[in-house]
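Protein chains: 2
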Amino acid sequence: MKIEVVYPGRIKNPFAKEGFNEYMKRLNRFFKLNVVNVSSCRTDDRNKCLKEESKKLLKYIGSRDFILLDANGKEFSTKEFSQFIGKYLDSARDLTFVIGGVYGVSDELKKCSNLILSLSRMTFTHSMTLMILAEQLYRVAKILSNQPYDH
Amino acid sequence: MKIEVVYPGRIKNPFAKEGFNEYMKRLNRFFKLNVVNVSSCRTDDRNKCLKEESKKLLKYIGSRDFILLDANGKEFSTKEFSQFIGKYLDSARDLTFVIGGVYGVSDELKKCSNLILSLSRMTFTHSMTLMILAEQLYRVAKILSNQPYDH
Numbered sequence: 014m015k016i017e018v019v020y021p022g023r024i025k026n027p028f029a030k031e032g033f034n035e036y037m038k039r040l041n042r043f044f045k046l047n048v049v050n051v052s053s054c055r056t057d058d059r060n061k062c063l064k065e066e067s068k069k070l071l072k073y074i075g076s077r078d079f080i081l082l083d084a085n086g087k088e089f090s091t092k093e094f095s096q097f098i099g100k101y102l103d104s105a106r107d108l109t110f111v112i113g114g115v116y117g118v119s120d121e122l123k124k125c126s127n128l129i130l131s132l133s134r135m136t137f138t139h140s141m142t143l144m145i146l147a148e149q150l151y152r153v154a155k156i157l158s159n160q161p162y163d164h
Numbered sequence: 014m015k016i017e018v019v020y021p022g023r024i025k026n027p028f029a030k031e032g033f034n035e036y037m038k039r040l041n042r043f044f045k046l047n048v049v050n051v052s053s054c055r056t057d058d059r060n061k062c063l064k065e066e067s068k069k070l071l072k073y074i075g076s077r078d079f080i081l082l083d084a085n086g087k088e089f090s091t092k093e094f095s096q097f098i099g100k101y102l103d104s105a106r107d108l109t110f111v112i113g114g115v116y117g118v119s120d121e122l123k124k125c126s127n128l129i130l131s132l133s134r135m136t137f138t139h140s141m142t143l144m145i146l147a148e149q150l151y152r153v154a155k156i157l158s159n160q161p162y163d164h
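As you go down the protein sequences, you meet chains A and B in turn.
The number in the working numbering is simply the position in the first sequence, starting from 1, with 13 added.
The number in the working numbering is simply the position in the second sequence, starting from 1, with 13 added.
Just so you know, these hints were derived from the structure itself, not from any lab.
In this text, all values refer to a predicted model and were calculated from it rather than measured experimentally.
Virtual Cβ for every residue (Gly too), placed ideally from N, Cα, C.
Be aware that a few hints might be false.
Derived DSBU-like pairs (lysine-lysine); straight-line CA-CA distance at most 35 Å [claimed, not checked]:
no., chain 1, residue 1, chain 2, residue 2
1, B, LYS124, A, LYS155
2, B, LYS155, A, LYS30
3, B, LYS30, A, LYS45
Each pair of labels, with its calculated beta carbon distance range [unchecked claim]:
no., chain 1, residue 1, chain 2, residue 2, range
4, B, ARG42, A, TYR101, 40 to 48 Å
5, A, VAL48, B, ASN85, 40 to 48 Å
6, A, GLN160, B, LYS30, 22 to 30 Å
7, B, SER52, A, THR56, 48 to 56 Å
8, B, VAL48, A, GLN96, 33 to 41 Å
9, A, ARG42, B, LEU46, 16 to 24 Å
10, B, SER104, A, ARG23, 40 to 48 Å
11, A, VAL49, B, LYS124, 43 to 51 Å
12, B, ASP120, A, MET14, 36 to 44 Å
13, B, SER76, A, LYS123, 44 to 52 Å
14, B, LEU46, A, ALA105, 43 to 51 Å
15, A, GLN96, B, GLY86, 53 to 61 Å
16, B, SER76, A, SER104, 50 to 58 Å
17, B, ASP120, A, ARG77, 23 to 31 Å
Construct the complete structure from the given sequences, taking the supplied hints into account.
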């Protein structure tokens with residue numbers, strides 16, 4: 014099973030980048046991981062940005078299943094999230110997570126997603142969402158391996 | 014209006030500490046802020062730890078109103094959270110946030126809280142909860158000041 018995290022742009026906050034890298038490193042012991050950056054837009058025009066970045070994301074994803082992260086999506090407890098990931102593990106299917114850019118993603122991309130997952134009702138920065146997702150995936154890997162979480 | 018964040022122990026992850034400090038520094042332009050550490054327990058006995066740390070937290074808080082952070086609490090969108098904080102600002106009341114230790118807090122402390130607030134249905138580390146709270150407070154300060162969020 015391979016887990017892929019796809020997002021436009023770079024992680025801006027140095028601490029979020031450090032946290033993301035730390036959990037991705039720890040996760041390597043459990044899953045085959047792939048982090049993919051598509052280029053972010055270079056305009057402040059919100060609609061143009063949404064369209065442009067979402068098009069690039071969809072082009073990369075192709076016909077694969079994917080989970081989109083969005084504040085208005087379905088919420089899971091960490092236990093429920095681990096059960097969800099466990100099912101993918103059992104079926105040996107790959108998992109692709111997509112995180113939108115600064116302005117989010119297009120409606121078209123939302124419609125194509127297999128699940129819209131919410132980490133919180135609150136709005137987080139793009140960078141912090143990436144770090145939190147990596148930490149939750151690490152937490153899930155520890156739960157599924159029956160290992161205690163090491164802070 | 015003064016905002017206080019009270020928690021047992023120290024922030025373990027260097028990146029979470031860096032993120033927390035960054036947002037606390039930015040927040041200083043908006044609110045009078047106070048960060049208070051009560052000492053964390055030195056035992057692995059979950060129940061003893063819960064009791065000991067919660068007793069120290071309650072002793073520090075005294076008769077003040079406080080908001081406890083817990084995954085099973087009430088969820089707010091960032092907009093709703095800003096409206097909630099705005100009401101405190103209008104009434105010039107102080108706000109105290111309490112974050113539990115590694116094992117959480119006692120039922121007694123939960124019962125004494127004026128609100129149990131959930132940042133997410135997912136379980137976050139103690140350190141990351143602190144960083145996320147600081148980022149959300151900064152986001153709220155920007156919303157209430159009609160300023161754009163600077164990533």
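Evaluated hints:
Note on B:LYS124 and A:LYS155: the hinted pairing holds, with a Cα-Cα distance of about 32 Å set against a maximum of 35 Å. Between B:LYS155 and A:LYS30 the CA atoms are separated by roughly 23 Å; this keeps the pair inside 35 Å, and the hint holds. About 29 Å separates the Cα atoms of B:LYS30 and A:LYS45, which keeps this hinted pair within 35 Å; it holds. A C-beta distance of roughly 45 Å is found between B:ARG42 and A:TYR101, which places it inside the suggested range of 40 to 48 Å.
For the pair A:VAL48 and B:ASN85, the supplied restraint of 40 to 48 Å is violated, since their beta-carbon distance comes to about 32 Å. A beta carbon spacing of about 25 Å between A:GLN160 and B:LYS30 agrees with the range 22 to 30 Å that was offered as a hint. Taking 48 to 56 Å as the suggested C-beta distance range, the pair B:SER52 and A:THR56 conforms, at roughly 51 Å. In this structure, B:VAL48 and A:GLN96 meet the distance hint of 33 to 41 Å, their C-beta atoms being roughly 37 Å apart.
At roughly 39 Å, the beta-carbon separation of A:ARG42 and B:LEU46 lies outside the given 16 to 24 Å, and the hint is violated. In this structure, B:SER104 and A:ARG23 meet the distance hint of 40 to 48 Å, their C-beta atoms being roughly 42 Å apart. Between A:VAL49 and B:LYS124 the Cβ separation comes to about 47 Å, which falls inside the hinted range of 43 to 51 Å. For B:ASP120 paired with A:MET14, a C-beta distance near 40 Å keeps the hint of 36 to 44 Å intact.
Range check, B:SER76 to A:LYS123: about 48 Å between beta-carbon atoms, so the 44 to 52 Å window is met. The hinted window of 43 to 51 Å between B:LEU46 and A:ALA105 holds, with their beta carbons roughly 50 Å apart. Between A:GLN96 and B:GLY86, the C-beta spacing of about 22 Å breaks the proposed range 53 to 61 Å. Taking 50 to 58 Å as the suggested C-beta distance range, the pair B:SER76 and A:SER104 conforms, at roughly 55 Å.
A beta carbon spacing of about 46 Å between B:ASP120 and A:ARG77 contradicts the range 23 to 31 Å that was offered as a hint.
When held up to the earlier numbered hints, the structure conflicts with 5, 9, 15 and 17 and fits the remainder.
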